Amino acid sequence: MSAAQVGVLAALRRTAWSPYAVGAGIGMLSWFAFATADHPLGITTAFEHAAALLGGVASPSLEHGSYFSAERAEGSPPKIGWEWTLVGGVFLGAWLSSRLSGDRPKEDVPALWAWRFGDGRATRYAGAFLGAALMMLGARIAQGCTSGHAISGVLQLALSSWIFAAVMFAAAVGTAFALFGREGARRV
Amino acid sequence: MRVDPIGKLLLGLGTGVAFGALLEKGGVARHDMIVRQLLLHDGRVATVMGTAAAVGAVGVYALERAGKTQLSVKPLQPVAIVGGGVLFGAGVALLGYCPGTSLAAVGAGRRDAVAGVLGMLAGAVVFTWLYPRFKAQLEAGNQGKVTLPEVTRTPRWPWIAGLSALIAGRAALEARP
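For the record, the sequence lines run as chains A and B.
Numbering-wise (the numbering used here), the first sequence opens with residue 2 and increments by one.
Numbering-wise (the numbering used here), the second sequence opens with residue 1060 and increments by one.
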């Protein structure tokens, strides 16, 4: 192996990188995504398209009031595309990265959650499911998530994304304090 | 059913693998790190996001100027952006991951994130059912795909330079002994 290959492998075996290095990497990855696919990095479009296609299979008639007849304003019609393989890739990349570093903690309930809500798995899974459903509903209403709005939209200086980023951060901080309390903040 | 060509699908896969590895190496695919950020005790998640936006802005605008790509700006629909942002933020705090980091956390072996990804699918199904019923309300007052330089009638470069200066300043403060 060349020195460069050895260096890359050594970096991949490390558990954690500097947040500035990771951020710069994601920024450069967005150059690549725009250059090769005219696409911002975004996760939730694939989920909306999958749900729409599932719904289309379940009730194929395009009756009035269906998702397909409503025609998403300024969005693209559902398809199996770049966004779907991006989603699969994120899972695969994190799997590879954690295998190379050996950083795969076997915990079903995160420590901070367990301190506040107990270490029962059912409570944690129910909380995660409910939180994720709310999060996805919000992302599809606003047409973007942390990746699509708060990173890709902010970097394009989109006004919608700057407002979304500020609102979601304020709502998330408020909810986190309501859930974990001031004591949680002191504890962490 | 429409399907992208195989080359484009592979590009998406490669981009995703790099994205997932970066999220995992950044440690941001962890519930406790994200909640600590929201409790304002740990700045690393914001650092990753801010640096990505600053670095991304420089290259993406250069590519656009050179005619190598098109921007993909989301429309400013005030009800949808604010309402969606509130639901999204509350959901992230309860889940402790965002959509991309949920997938990365599943890849890194965190089982609670599996419940999260199932919840994301459920949320998307609910959305496709609700959307046709509330389309008019959500899209009321649509301002279109506007950018900050357009609405303020300013050039782009001060915004991009400002973003970069913010990150450089933060890094300089952190590097102080």
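None of these hints come from the bench; they were simulated from the model.
All values derive from a computational prediction rather than experimental measurement.
Where hints are given, some of them may not hold.
[As the list claims (entries may be wrong)] Straight-line Cα separation of at most 20 Å, SDA-like style, residue types lysine to any residue; simulated pairs:
{"id": "1", "chain 1": "A", "residue 1": "LYS107", "chain 2": "A", "residue 2": "PHE118"}
{"id": "2", "chain 1": "A", "residue 1": "LYS80", "chain 2": "B", "residue 2": "LEU1180"}
{"id": "3", "chain 1": "A", "residue 1": "LYS80", "chain 2": "B", "residue 2": "ARG1212"}
{"id": "4", "chain 1": "B", "residue 1": "LYS1067", "chain 2": "A", "residue 2": "ASP39"}
{"id": "5", "chain 1": "B", "residue 1": "LYS1067", "chain 2": "A", "residue 2": "PHE118"}
Here is what the structure says about each hint:
Between LYS107 of chain A and PHE118 of chain A, the direct Cα distance comes to roughly 19 Å. Compliance with the 20 Å bound is thereby established for this hinted pair. Between LYS80 of chain A and LEU1180 of chain B the alpha-carbon distance is near 16 Å, which keeps this suggested pair within the 20 Å criterion. Of the supplied pair hints, the one linking LYS80 of chain A and ARG1212 of chain B is violated, its CA atoms being roughly 37 Å apart against a limit of 20 Å. At most 20 Å may separate the alpha-carbon atoms for a hinted pair to count; LYS1067 of chain B and ASP39 of chain A meet this at roughly 11 Å.
With a C-alpha separation of about 44 Å, the suggested pairing of LYS1067 of chain B with PHE118 of chain A is violated against the 20 Å cut-off.
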